[in-house]
Amino acid sequence: MSHRKYEAPRHGSLQYLPKKRTKHHHGRIRSFPRDDATLPPHLTAFIGYKAGMTHVVREIERPGSKLHKKEAVEAVTVLEAPPMVVVGLVGYVATPNGLRTLSTVWATHLSDEVKRRFYKNWYRSKRKAFTKYAKKAAAKPQVISEELERIKQHATVIRVLAHTQTKKLRLRQKVANLMEIQINGSDVAGKVDFAHGLFEKEIPIEQVFGEGEVLDACAATKGHGFVGVVARWGVTRLPRKTHRGLRKVACIGSWHPARVKFTVARAGQQGYHHRTEINKRVLRIGKKENAATSASTESDLTEKGINPVGGFPHYGWVNEDWIMLKGSIAGSKKRPITLRKSVVAPTRRSHLEPLNIKFIDTSSKFGHGRFQTLEEKKKFLGPLASKSN
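In the numbering used here, the protein residues as written are 1446 to 1834.
Hints listed in this document are in silico derivations from the structure and should not be mistaken for laboratory results.
For each residue, glycine too, the CB sits at the ideal point set by N, CA and C.
A hint or two may mislead.
Restraint-style ranges between C-beta atoms, simulated for each label pair [stated by the list, open to error]:
| no. | residue 1 | residue 2 | range |
| --- | --- | --- | --- |
| 1 | K1580 | E1506 | 41 to 49 Å |
| 2 | P1649 | L1484 | 14 to 22 Å |
| 3 | K1515 | E1647 | 35 to 43 Å |
| 4 | R1682 | T1549 | 48 to 56 Å |
| 5 | H1813 | Y1578 | 52 to 60 Å |
Listed next, the in silico EDC-like pairs over lysine to aspartate or glutamate satisfying Cα-Cα at most 20 Å (straight line) [what the hints assert, rightly or not]:
| no. | residue 1 | residue 2 |
| --- | --- | --- |
| 6 | K1779 | D1661 |
| 7 | K1803 | E1656 |
| 8 | K1803 | E1658 |
| 9 | K1822 | D1745 |
Let's have the full structure, built from the sequences with the hints guiding it.
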């Protein structure tokens, strides 16, 4: 350790140990936002599928800043978010050891895509899930109403069971992603009535989030497999002439105690870790009905959808509702991303200023991206010999 004069801060953070592959492919919400009984009942989370990235041009409105009244280019991520379907509700009781499940009430009709979630092998199964429950609910509807009353009397936290509609996406996946979404606002009885009223109904993303709002994104990061200490921890490479390799840690500890401490950088798994990123701003929410003009702005009058020329690489075409978030989002393309209402209130000026989107880029993400739409390309190039036949 020659030439060290003062100190050598450690390489890499120990905050996220152990660096292992997550068990939660789509983001898991460990804590929901704090409840406020003065607000009307509302949902606090949603699932979207990562399509890809592009960039927008915004006019910054930040008095006192050097960027004030200037245009800035910002990277954005587009998530496709078809409506989710509510199929049940769960009541929880608060105990000294945390929440305990009181009771679960299911809807009488469940689609095949959510039933697939309850089977290891759908192809070979008899597909009888919830048939007895549906018969019982049809024969004795009072049993369901009694269970709802019991939840109203004893429960303290109400969450709905909602699933995505993967059949509306152009993915290979046929099984739906199922999650619990907490209902905040109103009293317990109001929450139960609100949740029961949503049974078997589609919930669009605009009912949960709005433009300009900030939210938290929970996801599994992109996996990189087994990597060495230089890439995983950022330790310094050894000198060029080092025997038996130089991308190593030279000393992994003293002779005694005769074991390697957990703080020593070691090779291992990199990526596919569960991460939650807070306060990502919603720049735009697009609807399926306005697909042809959903990426147009007041300054850019070109009628265009959010799909770039040639589609999003490794994803394809966005045909359902979508949400655009500022910055990058953890995870690979097609991965389900759990979006949650913000837990930490936004305080930065950039979270509160007007959006003022001037331009959304839809040029090709495969090539150099000269044209915003295919019509613009055809108009510029004129008749092509390759298309004449």
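How the hints compare with the structure:
1. K1580 <-> E1506: 41 to 49 Å: Once the Cβ atoms are compared, 60 Å apart, the range 41 to 49 Å for E1506 and K1580 is violated.
2. P1649 <-> L1484: 14 to 22 Å: 20 Å, holds
3. K1515 <-> E1647: 35 to 43 Å: 41 Å, holds
4. R1682 <-> T1549: 48 to 56 Å: Holds, since R1682 and T1549 (Cβ atoms, about 55 Å apart) stay within the stated range.
5. H1813 <-> Y1578: 52 to 60 Å: Check passed, 56 Å falls within 52 to 60 Å.
6. K1779 <-> D1661: At roughly 19 Å apart (the allowed maximum being 20 Å), D1661 and K1779 satisfy the hint.
7. K1803 <-> E1656: This hinted pair holds, its Cα atoms lying about 15 Å apart.
8. K1803 <-> E1658: Holds, because 19 Å separates the two Cα atoms, which is no more than 20 Å.
9. K1822 <-> D1745: Holds: K1822 and D1745 sit about 17 Å apart, inside 20 Å.
Taken one by one, the earlier hints fail for this structure only at number 1.
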